[in-house]
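Trainee: These are the residues of each chain, in order.
2 protein chains.
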Amino acid sequence: MPPTEMIRIPAPDLTATLLRVLGELGMEGESADLCARLFVEASVDGVYSHGVHRFPRFVKTVRAGVVDVHARAEPVERHGPVERWDGRLGPGNLNAHRCMERAISLAREHGMGCVALAETNHWMRGGSYGRQAADAGMIGICWTNTMPNLPPWGATQPRLGNNPLVIAVPHPGGHVVLDMAMSQFSYGGLESARRRGEMLPVPGGFDSKGELTRDPGAIEESARPLPIGYWKGSGLALMLDLVAAVLAQGRGTHAIPADPYAESGISQLFLTIDPRAAGDAARAEEITSQILEHFLGDSTPGEVRWPGQRTAEIRRRNLAEGVPVDPAIWEEIRGL
Amino acid sequence: MPPTEMIRIPAPDLTATLLRVLGELGMEGESADLCARLFVEASVDGVYSHGVHRFPRFVKTVRAGVVDVHARAEPVERHGPVERWDGRLGPGNLNAHRCMERAISLAREHGMGCVALAETNHWMRGGSYGRQAADAGMIGICWTNTMPNLPPWGATQPRLGNNPLVIAVPHPGGHVVLDMAMSQFSYGGLESARRRGEMLPVPGGFDSKGELTRDPGAIEESARPLPIGYWKGSGLALMLDLVAAVLAQGRGTHAIPADPYAESGISQLFLTIDPRAAGDAARAEEITSQILEHFLGDSTPGEVRWPGQRTAEIRRRNLAEGVPVDPAIWEEIRGL
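Those protein sequence lines, which keep their order, are chains A and B.
Residue numbers in the first sequence follow this note's numbering, run continuously in steps of one, and reach 396 at the last position.
Residue numbers in the second sequence follow this note's numbering, run continuously in steps of one, and reach 396 at the last position.
Chain A with its partners taken away, still in its complex shape:
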């Protein structure tokens, strides 16, 4: 549930307002439509932090020249199902969408596809591209590196990215879509908890004395959020950075400016596998349904959830009743 102080704005009004601002930035036609749609859909699906709420930051990065609204990702080298693309510092969500679209085409042709993308910008909600693959009947796996924002296990300085990982499996009852960063909590999540005066439900990082803490403000101060699973998430974040940067022949986290408003030139990977390539589609659906059913087991409804389980329901409600938006951010967007 969104916090009670949010107001609900009809999705078409959000889209119209975003399109007006994008037009003033010089984005028109299909590009502007897709860019606005990706922002609004994230909020419609309940991923408020990476939807419309992030639009003001996007606009600032365009105005600062970090994001070039006229640039688009283009292929650099092709080898069967494997391709390397250059994002040319264009809008991150458009670049990611284009590369996942290409990875889907490659999987249609070859059974699987891999598009590695260098020199791109923040993709906003990573789950969008997982859903895009699943909508096409593909298993989609994608991830991005980020600026340094997470200390490796054993270190005190942020030298890793939180490198969100997305895995999507198509499912007629609503796609299963995992979209998770390698830090236990995002900086946005820490800020929200601090403003509400709440402790985190589990330790989220170290305080300035090096003690694990549930106090969000203490973690913001130390800049030492915790990788998921301590040493394990630290290792996994490193591997995601390596694989994306190596295949894209792009920047690793260390070469990305460590400032949310200057973060740019990041590396991403888009993998697709068609479950129908060497298998039977009906059997794949059956296996998915059985696994989800057993995952839920006899739990009280709501106590255990698979990733993406509530998305369809949230989407229906937000389309019917309006999309929750923070009123201060909505005012900011309308004044952009």
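Just so you know, these hints were derived from the structure itself, not from any lab.
Keep in mind that the hints are not guaranteed to be accurate.
Which stretches of chain B does chain A cover? Using the computed rule of at least three CB atoms under 8 Å from a CB of chain A, they are [to be verified]: (1) 153–165; (2) 327–341.
Partial pick of chain A residues on the chain B-facing surface, computed with a CB cut under 10 Å [unchecked claim]: (3) Met66; (4) Pro70; (5) Pro141; (6) Thr216; (7) Ser243; (8) Met259; (9) Pro263; (10) Leu272; (11) Trp366.
Here are some chain B residues the structure puts well away from chain A; computed CB gaps all over 12 Å [said to hold, decoys possible]: (12) Ser282; (13) Ala283; (14) Glu373.
Model, not experiment: these values are computed from the prediction.
For each residue, glycine too, the CB sits at the ideal point set by N, CA and C.
Let chain A serve as the given structure and place chain B on it in line with the hints.
Mentor: Chain B alone, transformed into the frame defined by chain A:
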């Protein structure tokens, strides 16, 4: 460092003893050589829990008819770089090695490869197959599902596998190989800590009252180990199960017997991508070295380590001075 009570046995003696036992089980020739090598190499590389120490359990599963030493994984369906194989309940390490070998060949031909394997057995040390890909110059990603041994986040009964995930990136200075299960600690790790009378360094699960605890015995009793990153590792474990079972058209965790000596018919996935397919090999090596260097930063040596960093050093020492083996397990193996 291995616990002090371990004794050191020369690697050739370990191999000879394992080969004798495998011969008595009916394994001969190249298969027996490879099977023994994979067990011994895991111990040589310092992964004692999944090397020679696990051999008695392997022998028991062969004698119980769970593992068929004469069966080998065979292709079922092929579509370009994507293949589906049937493990026919053969030895898990031989099946995994064969499927990674095939995925490497596919990547040589197509730039990438995917082999999904159904009806196989425990692969012992997953990192072996990551190293196998990296030795061939490939990025290797593989994972396995397991029997139910981990409660989903929000549940009290084990309905997820801990589903180890392996990611390997080739590196001339020693491959970078992550090999991690989705539980914070393995049952083997809990048992070792309990026997040493030690608390875990971080909470590893819930006690029978549902409180997070660092007491390994309390977690063994409740059978509620913790997924890495709480809800995040729970979601990731589910996705790994889904993708492997769907692509292999094999069993999900729920259909795998929940007994370490009967666990069988599991599903695995082997992905390979050739960094040379759409990129330059020298540039890939350079990016890898830069990322590793910045990951270590100015940390005191040993405080921060990348996955696999110590493997070459441990291997050299264990080959020179003998491979650490628990004397009781060594007696057990010699009596098999």
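Trainee: Tell me the hint numbers this structure goes against, listed in increasing order.
Mentor: 1, 3, 4, 8
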